[in-house]
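> Spelled out, the chains give:
2 protein chains.
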Amino acid sequence: MSEAVSERTCLETRLRQIGRERYHDKHPFHQMLHSGGCTMDQVRAWVINRYYYQSRIPMKDAAFLSRVDDPMLRRAWRSRIGDHDGTAEQEGGIVRWLKLAEAVGLDPAYVASTRGVIPAVRFAVDAYVRYVREQSLLQAIASSLTELFAPSIHKQRIAGLLEHYAFATPAAIDYFRHRLEEAPRDVAFALQWVLEHANTPAEQDAAIAALVFKMDVLWAQLDAIWGGYIDPGHIPPGAWQPSEGVIL
Amino acid sequence: MSEAVSERTCLETRLRQIGRERYHDKHPFHQMLHSGGCTMDQVRAWVINRYYYQSRIPMKDAAFLSRVDDPMLRRAWRSRIGDHDGTAEQEGGIVRWLKLAEAVGLDPAYVASTRGVIPAVRFAVDAYVRYVREQSLLQAIASSLTELFAPSIHKQRIAGLLEHYAFATPAAIDYFRHRLEEAPRDVAFALQWVLEHANTPAEQDAAIAALVFKMDVLWAQLDAIWGGYIDPGHIPPGAWQPSEGVIL
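Chains as they are written, first to last, in my numbering: chain A, 569 to 816; chain B, 569 to 816.
What the hints contain is simulated information worked out from the structure, not anything from laboratory work.
Some hints here could point you the wrong way.
Which copy is meant is left open, so a pair is good if it fits within one copy or across any two.
[Said to hold, decoys possible] Straight-line distance between alpha carbons at most 20 Å, and here's what the computed SDA-like set of lysine to any residue pairs gives:
# : residue 1 : residue 2
1 : K723      : Q622
2 : K667      : D638
3 : K667      : M640
4 : K723      : A774
Bound-form chain A, shown alone (with noise of 0.2 Å):
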């Protein structure tokens, strides 16, 4: 083996590792969920501020276009904007998690106008919008590697919720299903490039940390919603009671 593809095969060894230990898949908020521990009113939570980081992703995505002077390299990324902001053949993933939004008893027009957001979670979000726009091209691309993970617990969740919750219909939780096709074909592309872009160890280590720093965006989320409406269930001053924005 050549100490190229040597130390190419050890980042990828470090960057699943960050998988393994920071993931949100450990976080119990996630275990709860799927395993039908959550109230309805504790999965409306988790509707409402997840759709908050939904909604900013193509705005992310934008942001690293926006400093590519590569065409080719833009055209291959271009696809994640339209995955979730629909293009003529498909309606896209904010539209799928409005959908999802609905079937849970929300208005989707409440959802949409992220008002009932804990600030904790914007703040976290919009580290990351800030992040890619801000940060090496390296280090947006390797933050976008929590899609390693994703495909596994997107699995987990379709059939914890089918499982458990009535309102979990397949048609409520098509948003899950599409990402099982989208994330795959996405880090597929990103993890390629990380490798082939990483070639000094202060470049490993720079994508290395902006994996743990995304890894923290999305941990962070759950803290907030854990802290909200589980234990010890602080609602902050402006987010999401229990009865606004219910239709059902």
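Following the hints, put chain B in place on chain A, whose structure we already have.
Showing chain B alone in chain A's frame:
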């Protein structure tokens, strides 16, 4: 006519007046180019420098998208990036511009490297990308309204190039034919948005200032080409020397 409608008509009149006064169809370079007065090296200087503008437009549009939190506005704007970077169905404006480069005897890889771009052109174009990244969404959209005046110059250019230059086959100047279709669709949306969102006198003045700014960005590029390659013909250090990148 209601007051709101009357104010919109007035703003549109002001915007169109700026085009009549400041659009770069008035620049002597374009008059020289379209009437067959340019040498091949002067045409090449234009193709090399204008490529830099073309290549930054998708980055400008992505910078805009990255600031828009309305998925529908993002979706309406996103096709602009595909028009330039290409889609699965069509090659896009950047590839078409590189075909023009080849037709005028330039190595497309040299043009795509942007190595020979006049620094003043780079400054002007970079200022445009930064403007769209930093100013209000209204100003970002209003700065795109130079496209109101593009079909007329593209028609003159297509006719003038075909009449006066041997390189100008329909295939070589395909870029401009495509822009004849794309620009009117884009600008109709942008004009409507500006007229609907510039409601106060301050907002209307901001829209006007944005369009003037963009006119300056276009004009400055031609001034730099004129100074470097026509009169006085002092090529700035680092800018294209007429032997570089020529393949014919």
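> Which numbered conditions among the earlier hints are violated in the structure presented, ordered from lowest to highest?
4
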